[in-house]
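Colleague: Residue strings, one per chain:
Protein chains: 2
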Amino acid sequence: MSSLPVDALKPFGSISAAWKAPSNIALIKYWGKRPNQIPQNPSLSFSLSACYTATTLSLIYSEVRKPIVVNGDENHPFMPKLTNFFNDIEINFPFLAKASISVITENSFPHSVGIASSASSFASLALCLCEIEQRLLGNEGFGSDFLQKASSVARIGSGSASRSVYGGYQVWGYLAELPNSTNDYAIPVTPSIDPKFLGLRDAVLVVSTKPKSLSSSNGHALMVDHPYAEARYAEAKLSLNALLKALKKGDLSAFINLCEQEALTLHGLIMSSRTTPMLLAPESLLMITKIREFRQQTGLPVGFTIDAGPNIHLLYLESHAPEVESFANAELKALCENGYVIFDKCGTGPERI
Amino acid sequence: MSSLPVDALKPFGSISAAWKAPSNIALIKYWGKRPNQIPQNPSLSFSLSACYTATTLSLIYSEVRKPIVVNGDENHPFMPKLTNFFNDIEINFPFLAKASISVITENSFPHSVGIASSASSFASLALCLCEIEQRLLGNEGFGSDFLQKASSVARIGSGSASRSVYGGYQVWGYLAELPNSTNDYAIPVTPSIDPKFLGLRDAVLVVSTKPKSLSSSNGHALMVDHPYAEARYAEAKLSLNALLKALKKGDLSAFINLCEQEALTLHGLIMSSRTTPMLLAPESLLMITKIREFRQQTGLPVGFTIDAGPNIHLLYLESHAPEVESFANAELKALCENGYVIFDKCGTGPERI
Chain A
1 MSSLPVDALK PFGSISAAWK APSNIALIKY WGKRPNQIPQ NPSLSFSLSA
51 CYTATTLSLI YSEVRKPIVV NGDENHPFMP KLTNFFNDIE INFPFLAKAS
101 ISVITENSFP HSVGIASSAS SFASLALCLC EIEQRLLGNE GFGSDFLQKA
151 SSVARIGSGS ASRSVYGGYQ VWGYLAELPN STNDYAIPVT PSIDPKFLGL
201 RDAVLVVSTK PKSLSSSNGH ALMVDHPYAE ARYAEAKLSL NALLKALKKG
251 DLSAFINLCE QEALTLHGLI MSSRTTPMLL APESLLMITK IREFRQQTGL
301 PVGFTIDAGP NIHLLYLESH APEVESFANA ELKALCENGY VIFDKCGTGP
351 ERI
Chain B
1 MSSLPVDALK PFGSISAAWK APSNIALIKY WGKRPNQIPQ NPSLSFSLSA
51 CYTATTLSLI YSEVRKPIVV NGDENHPFMP KLTNFFNDIE INFPFLAKAS
101 ISVITENSFP HSVGIASSAS SFASLALCLC EIEQRLLGNE GFGSDFLQKA
151 SSVARIGSGS ASRSVYGGYQ VWGYLAELPN STNDYAIPVT PSIDPKFLGL
201 RDAVLVVSTK PKSLSSSNGH ALMVDHPYAE ARYAEAKLSL NALLKALKKG
251 DLSAFINLCE QEALTLHGLI MSSRTTPMLL APESLLMITK IREFRQQTGL
301 PVGFTIDAGP NIHLLYLESH APEVESFANA ELKALCENGY VIFDKCGTGP
351 ERI
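Heads up: the sequence lines are chains A and B, in that order. Just so we're aligned, residue 1 is where the first sequence starts under UniProt numbering, counting upward by one. Just so we're aligned, residue 1 is where the second sequence starts under UniProt numbering, counting upward by one.
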């Protein structure tokens, strides 16, 4: 519970904050959840750099709660999720009950490329809200307590958003072997890993810009009666421990194996669920084959991850960018919708703007 | 143990038998085994008609065991499997110790189309051997005891061969809910199912004629440390019960759902195994999408199954053959290697030739 009273905004009249927060790509996937946005297994991701959301949150003191406005629009497509979010968190931010809320939000990347804009959107919004709370409380600084709170608030909007309040690599969800890990918020794991992984590149190979055929909610729902659910959750913990070990040791080969196994496990779980949706596209399979052939031929440590959609994230180190990006442009780009590739990389995290 | 003495062939000098046996397509998959060709879960298949193996087995009494000859060749590619097979079963057929063995075997379908020739090969060979034993014993007739013995002998050569000694539909492996089911041999389940399923058609859409990238042995081995193995074996039993129910009730919609779920579960298990092989080809995914679209547009009960390879088996009833085969020729044939489609159907089982 916040120590702020419901009238906390009154002396300020209005207040606003602006943050940009990155999207992130999970390497150990969040797939299956319990009520209150509690994950069935811990997940590990890295934050992107070029793909982010910039959000400005403005609150004006108001005796009567008014409809939320997003980008000047009371009927913005983001409204239903946002309304739920503000309803869910009001208990922690009582001053929202006496505020008219305006959100201005902009993604640096098209909505349709299959990168989760909800992660960067809710992370940036949560950072704004937590900054406003800080200022209302007269506190200063954006240290780890601040980020933890922002992460836990972001989580309410979208589970994966909890990870987007940090740069580098982060883990969300309790893992017995990882001190301080919790289901409530994400924690950074960057300090413990081999620095070369901070130079990780991600070429997002956009196979399709069609809207997702499986929403996140429907995806999580597939796990509810999935016959492999319990085995999956146990496996994810083992894989996360193994991936942390590979990241610490700088073991690129293990890193790639684990990333690909997780990606194909996710799609294996999707394919073997009750409604057997098929999210991979023919081009996705072609890319997988080509990436593996390229790796075998060149010996370069290049691999991939895949989210719950057809797009392939090509993973490689900064030091191999020239060869790998030549390959991507020559062999993979033509398989992308309109040749669409986003060359992004592991980023440094949110910024106050 | 056979009651025949080791010298049983001596009075006959030589003896031969010839059978043809069909290939079969599993709808509930055999994927994972224990020692001595014991399956981790029961499987259900139907026998094909046009795809079969014709085998002649000739034994000549011989004081000294001579090398086996296959199609006149002591170095035939089938030799290693065949030598193992005869070594394994000699304890049950002691007269083999004093026989020179000649096998003449021919498949009605190319080795490379991804249809398991080992099933029809070992089934036809086992039928020959059991017939010879019958004649040496002075017994007659090829009733259910004979077929059970042939099935258990065929199983030693190849698990799926145990199912190929019957026409129609068959189950191999113990299932608590299915009387007489056993891991030792397959049993026919045809009498209990809706007769319309005996008119099931299978258009084998040959995506690739390349040799299998994953052998059966390596496939089963993937399950040994698969994190979902136990859940899979439990699920397979539930699915088999559900499929038997659908077959009995004539429930085509449930039949199709279960077939597709099993097929995609198999590939999900393969993709999520330690070495994450990808056996589906881009064309396989295109076909799956097209088949599902065709089903949705026409309302016709058409579905698919897939073995551990890229080829798609299009399943439909005899009564819908005109529409479905027009569709297959118009939309799917072009995706096959050299337009190769085998139009086959549920068959009546082995024949003595």
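Read the hints as simulated data drawn from the structure, not as lab findings. Treat the hints with care, since some could be wrong.
Below, computed lysine to aspartate or glutamate pairings styled on DMTMM-like, alpha-carbon distance capped at 20 angstroms [stated by the list, open to error]:
hint	chain 1	residue 1	chain 2	residue 2
1	A	Lys196	A	Glu90
2	A	Lys245	A	Asp184
3	A	Lys212	B	Glu293
4	A	Lys196	A	Glu106
5	A	Lys212	A	Glu337
6	B	Lys98	B	Glu140
7	B	Lys210	A	Glu293
8	B	Lys290	B	Glu235
9	B	Lys196	B	Asp88
10	A	Lys210	B	Glu293
11	A	Lys98	A	Glu140
12	B	Lys237	A	Glu293
13	A	Lys237	B	Glu230
14	B	Lys245	B	Asp225
15	A	Lys237	A	Glu323
16	B	Lys212	B	Glu337
17	A	Lys66	A	Glu90
18	B	Lys210	B	Glu337
19	B	Lys212	A	Glu293
20	A	Lys248	A	Glu351
21	A	Lys333	A	Glu323
22	A	Lys249	A	Asp194
23	A	Lys237	B	Asp225
24	B	Lys237	A	Asp184
The structure presented is a predicted model; accordingly, all values stated were derived computationally and were not measured.
Colleague: Now, for every hint given, state plainly whether the structure supports it.
Modeller: Results for each hint:
1. A:Lys196 / A:Glu90: violated, 41 angstroms
2. A:Lys245 / A:Asp184: violated, 23 angstroms
3. A:Lys212 / B:Glu293: holds, 18 angstroms
4. A:Lys196 / A:Glu106: Since the Cα atoms of Lys196 (chain A) and Glu106 (chain A) sit roughly 31 angstroms apart, the hinted pair is violated (cutoff 20 angstroms).
5. A:Lys212 / A:Glu337: Within the cut-off at roughly 15 angstroms; holds.
6. B:Lys98 / B:Glu140: violated, 23 angstroms
7. B:Lys210 / A:Glu293: holds, 17 angstroms
8. B:Lys290 / B:Glu235: violated, 28 angstroms
9. B:Lys196 / B:Asp88: violated, 39 angstroms
10. A:Lys210 / B:Glu293: holds, 17 angstroms
11. A:Lys98 / A:Glu140: violated, 23 angstroms
12. B:Lys237 / A:Glu293: Cα-Cα ~38 angstroms, so violated.
13. A:Lys237 / B:Glu230: holds, 18 angstroms
14. B:Lys245 / B:Asp225: Violated - the C-alpha atoms of Asp225 (chain B) and Lys245 (chain B) are around 32 angstroms apart, more than 20 angstroms.
15. A:Lys237 / A:Glu323: violated, 34 angstroms
16. B:Lys212 / B:Glu337: Between Lys212 (chain B) and Glu337 (chain B) the Cα gap is close to 15 angstroms, so the pair holds against 20 angstroms.
17. A:Lys66 / A:Glu90: holds, 14 angstroms
18. B:Lys210 / B:Glu337: Satisfied, since the Cα-Cα distance of roughly 10 angstroms is no more than 20 angstroms.
19. B:Lys212 / A:Glu293: Given that 20 angstroms is the threshold and the Cα spacing comes to 18 angstroms, the pair holds.
20. A:Lys248 / A:Glu351: Not satisfied, since the Cα-Cα distance of roughly 26 angstroms exceeds 20 angstroms.
21. A:Lys333 / A:Glu323: Between Lys333 (chain A) and Glu323 (chain A) the Cα gap is close to 14 angstroms, so the pair holds against 20 angstroms.
22. A:Lys249 / A:Asp194: holds, 6 angstroms
23. A:Lys237 / B:Asp225: holds, 16 angstroms
24. B:Lys237 / A:Asp184: At roughly 38 angstroms apart (the allowed maximum being 20 angstroms), Asp184 (chain A) and Lys237 (chain B) break the hint.
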